[in-house]
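Protein chains in written order, with our numbering: chain A, 1 to 379; chain B, 380 to 532; chain C, 533 to 811.
Quick caveat, the hints were computed from the structure, so don't treat them as lab data. All C-beta atoms, glycine included, are put in the ideal place defined by N, C-alpha and C. Be aware that a few hints might be false.
Unchecked claim - Which residues of chain A face chain C? A few of them, derived with a C-beta cut under 7 Å, are: (1) P147; (2) T286; (3) W301.
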Amino acid sequence: MKPSLQRGDRIVLEREHFQNLLDALNKKGYQIIGPTLGEGSIIYGKLSCVSDLPIGWTDEQEGGMYHLKKRGDNALFGYTVGPHSWKNFLFPSVQQLLQAKREGKGFQVNRKREEIPKFAFLGARSCDIYAITIQDKVFIKGKFVDPHYASRRGDTFIVAVNCGKAGGTCFCVSMGTGPRADLGFDIAMTEVLKSDRHYFLVELGTERGAEIFQEIPYKNASEEERATANTVVENTAKHMGRYMNTDHIKDLLYRNYEHPRWNDVAERCLACANCTMVCPTCFCTTVEDTGDVPGGHAERWRKLDSCFNLDHSYIHGGSTRYSIRSRYRQWMIHKIATWIDQFGTTGCVGCGRCITWCPVAIDITEEARAIRKSEQAAE
Amino acid sequence: MQTPESSLAEHPFLKDLNPRLITFLAGCALSTQFHKNQFIFREGEEANYFYIILDGKVAIELFAPERGSITIQTIGEGEVLGWSWLIPPHRWRFDARAIESTRAIALDGRCLRSKCEEDHELGYEVLKRFASVITSRLEATRLQLLDVYGAHV
Amino acid sequence: MINNIPEPMTPNVFRINKKYKETHDTFTIELEPTQGTDEFFFSPGQFNMLYVFGVGEAPISISGDPKNPKTLKHTIRVVGTVTKAMYRLKRGEVLGVRGPFGSHWPSENAVGKDVIIIAGGIGLAPLRPVVYQLISQREKYRKVVLLYGARTPEDILYTYDLEQWQRRFDIEIKITVDAAAENWRGDVGVVTTLIRKISFDPSHMIGMICGPEIMMRFTVAELQNCGVGKENIFLSMERNMRCGIGFCGHCQFGPVFVCKEGPVFNYECIENFFGTREI
């Protein structure tokens, strides 16, 4: 038996042993979820073999634009984030909350819970890990605990990947959420591709992260290997596609509820809700109650909703946020201002998905910049 | 026994008015009382007075065929009734009916109009106070118009 | 372990013991739990999520007496699908109840002060519990005044309670309607006009307001005109709610969740965005 590994240790995993990591996670009973090709992009799905990863693929992203292309090498993680995020698994877009059946004049609620697999998220990016900790604050760190989220989140094992490439719409550096994973992971890896060698510098974040490596071949990381991995991440940080000045951003937006820029963005915004669907932190849901025709069986479903929908703010007789202007404003001010008051952190992690997947390329960093600039010009 | 002059001085409508002007106003004032259901004035009549209400309650009404009299507003203690005396053609636009026994000081509009023309300080004070009453009534009317308790809000 | 977390979205089954009409579009139901305890404790101002089997759920404020936990009362205005379905329920049938949720009126802050309660329309329903509470501990407060505005005399809620309260000498009740026929002997005019007709100490008072947002806006302005500080004004807000527990995101009102931090807010805490359009 090898000398035992500890939290905080840094080791090297060769590419040829990567499958051992998947096998070890499988053996521990985890269902491995990670990046894979699908729907014309890189999405998250079940993985069993290294070859399920989008090996050698990368993505190009810009406002309103995403496409895949070959890299010319065999990188396992040579891309950034796609339209999916981990909320697809922790917080599914459609979820049954309860079933009830009529009994006499009353009804009986069936409290049976769904069976949830123990998840291992492989290839979680730092921005997305921050997004998970943000949703944790919404669903499990407040006065009420959402049992559905809590049971899915449970003991999710997180294999982080420090980004070796910045996307065209990335701005995690501005938001302080990346590109190096610094919290919430069991193990964090940096992929190093050299002409003669392909390996991963692994940082062990937890005891159970260390435990996983008991049956995987590894070696301790040399100073040089560490330095090389650092250079990879530092280089990513230097190439962010977007930038947002977050200096006093809450106050900036609170001062500007009536800024003409909201009219401007409302002219472009289609209120399609794409940004809220791809956002890894957006959590609005609607609750739908249904009943069968004979009236004996009822169900309650929770479905992902969006503040861009007119119904979102409906109270008897009308919607509080009728104009698209007010709905875009609600989304953006919530994301980077009111969220801070609500949960002590911004709701934006700089992943850039809302920019990439906006059909008309509305860019939250650009909108924030326009408002800030107009104030500076007025001074 | 309160004189019209002391009642005027204490009334919120004339709060902080120069005592000289109070005395001036008292020259046009007459204490008066209306019994329950008595009309104080009716729509279309010449508006020769306005009323500083000391106590009681007055309904301002409008008659609509089939619906009968509709109360638009009620006015009570500390308030003032009527501004048509001030604005041509000096005719009442609504009915005013005491719905409780009501004590008031009636001020003679014709007398006051000419005094206001002579003494612009008095005229300005009177207009200022009526402007404030008219504004708050307009605001209240606008809110009523919104029908905020209706099902559509 | 995780499977033991209570499901906050599961309603408890309550039976309708009484149901009566209040006005042409409002009714009150009295509920009793069918399982577990027979008592339901709440603080005045809080609300429940009421569920009609197979139809849906709606947030409804609690309008009974907090000192009588054996009867849970809700006054409901028939405005949408769910409230219509509630209206069709009969005595003996059941409703799902989740709650109580939200913040409450600041009765404890009001001790030793004048309490001015201002209600508009159905806004009297969430204020009635606080009136019961103030009356039951009347000696703790100075003046207690209830100003109530309704659409027409026929829309006045709780006439039986109002008449009883009007007979008391230790609570002042003023009612006004927006429009009335000539047989109405009460006041006609908006509820804000009543504020000028009462006397209170603006520096030692607590104002509690509930009604349509426009009515509350003008009421706050009128109280401030009278010299009332914003820290002494409290109001109950309404927003769309799908869950009542801060998960669904619908009831956001600027930085606050009406279901969690509200529905009762201190005006000072929401002043900066209270008047913002479409917020």
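Hint check:
no.	hint	in the structure
1	P147	holds (4 Å)
2	T286	holds (5 Å)
3	W301	violated (10 Å)
Going down the numbered hints, you'll see the structure goes against just number 3.
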